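If you read the protein sequences in the order shown, they are chains P and L.
Counting from 32, one number per residue, gives the positions in the first sequence under the numbering used here.
Counting from 32, one number per residue, gives the positions in the second sequence under the numbering used here.
Worth flagging that the hints you see were computed from the coordinates, not collected in a lab.
What you are looking at is a predicted structure, and each value in this text was computed from that prediction instead of being measured.
Glycine residues also receive a C-beta, built at the ideal position from the N, C-alpha and C atoms.
Check the hints yourself; a few may be wrong.
With the Cβ distance kept under 8 Å, some of the chain P side facing chain L (calculated, not the full set) [what the hints assert, rightly or not]:
hint, residue
1, Gly79
2, Thr190
3, Ala198
4, Ala207
5, Val214
2 protein chains.
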Amino acid sequence: MPKLWNETIETHRREVRHAILNTTAALVAERGLLNVTMSQIAEQTGIGRATLYKYFQDVESILRAWHGERIAHHLAHLIAVRDRATGPGERLEAVLEGFADISRRSRGHFDADLMAVLHRDEQVTGAQAQVQDMIRDLVADAAQAGEVRDDVEPGELATFCVHALIAAGNLSSEDAVRRLVAVTLAGLRPAD
Amino acid sequence: MPKLWNETIETHRREVRHAILNTTAALVAERGLLNVTMSQIAEQTGIGRATLYKYFQDVESILRAWHGERIAHHLAHLIAVRDRATGPGERLEAVLEGFADISRRSRGHFDADLMAVLHRDEQVTGAQAQVQDMIRDLVADAAQAGEVRDDVEPGELATFCVHALIAAGNLSSEDAVRRLVAVTLAGLRPAD
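Let the sequences and hints guide you as you build the complete structure.
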């Protein structure tokens, strides 16, 4: 087959996959994890059931793939946010704000069953570790610049930040998220 | 029946219930949630299967009861810690330390399946709300005494504290827990 034809197939596959992920996420958000079937997903995506099964074996694996894409997107966003800021203190603040925003927007979308499934997922644990490592490096840089306390290890401070900012999932306004970031940063300030 | 006899039965029932809860918790810790059956629990508790079913309908409900008792115990502990301390700042610090200790000791006991089951549990949500309300009231008292910032609502600060201190579940030493509490308290200090 000519190269162009392969590329067309590859593009098509990506588009179908993308459509399956989005359809499933929307259906689960609407009906709950336990009320969505592979047949409904195929119908709503506009493909045959047999085609759907060529891509995914069950609803859970579709959701994991969907979640994996969101996580990759969030990590890329945080890296971009970090690289736009200048100076160690600003970089740290920008990433903490970005992470708090993600926490706020990620919560309350889905039901408890889905959260239970996703939180057992290794890709979630892996992504949390990546975010925590990124924050740890930024904390270390800021500590070296004298903008963050150096009496506690950067790794421990990063653990503190990630947990504190997950609280953004319970906050109702963007202003509250800004205040949460300010309080978290106050915890990081050099001791007098 | 005479009153004494009723009391004896009541005491016996409580003891059997207690034995069931502890046996189940130990079995689940050892084998994992999905590998424990009602028959094993009855056998290890030293009672008949029929008796066990008079107390609980399945393994999950035993675990919920066990977890409920632990939560009640933790809340009572935090109230005692609070009431032993004098002065608003000390009370807040003592309760934050107590909560961080509980977070540290509660983690890593069980497998992910069990955590998923328990976290869908309303009694967990209710207990978290009670802890958060207690911390909110202590924060409000300390803010009035000028020992905590008053530019952020006590409720938001309490949400920050609870989430930040859950990080203790990932810390390996008591010293690290002390440092986490210190960093969290630093976030609460009045802005200059």
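Hint by hint, here is what the structure shows:
| no. | hint | result |
| --- | --- | --- |
| 1 | Gly79 | 34 Å, violated |
| 2 | Thr190 | 5 Å, holds |
| 3 | Ala198 | 4 Å, holds |
| 4 | Ala207 | 6 Å, holds |
| 5 | Val214 | 5 Å, holds |
Violated hint for the displayed structure: number 1, the only one.
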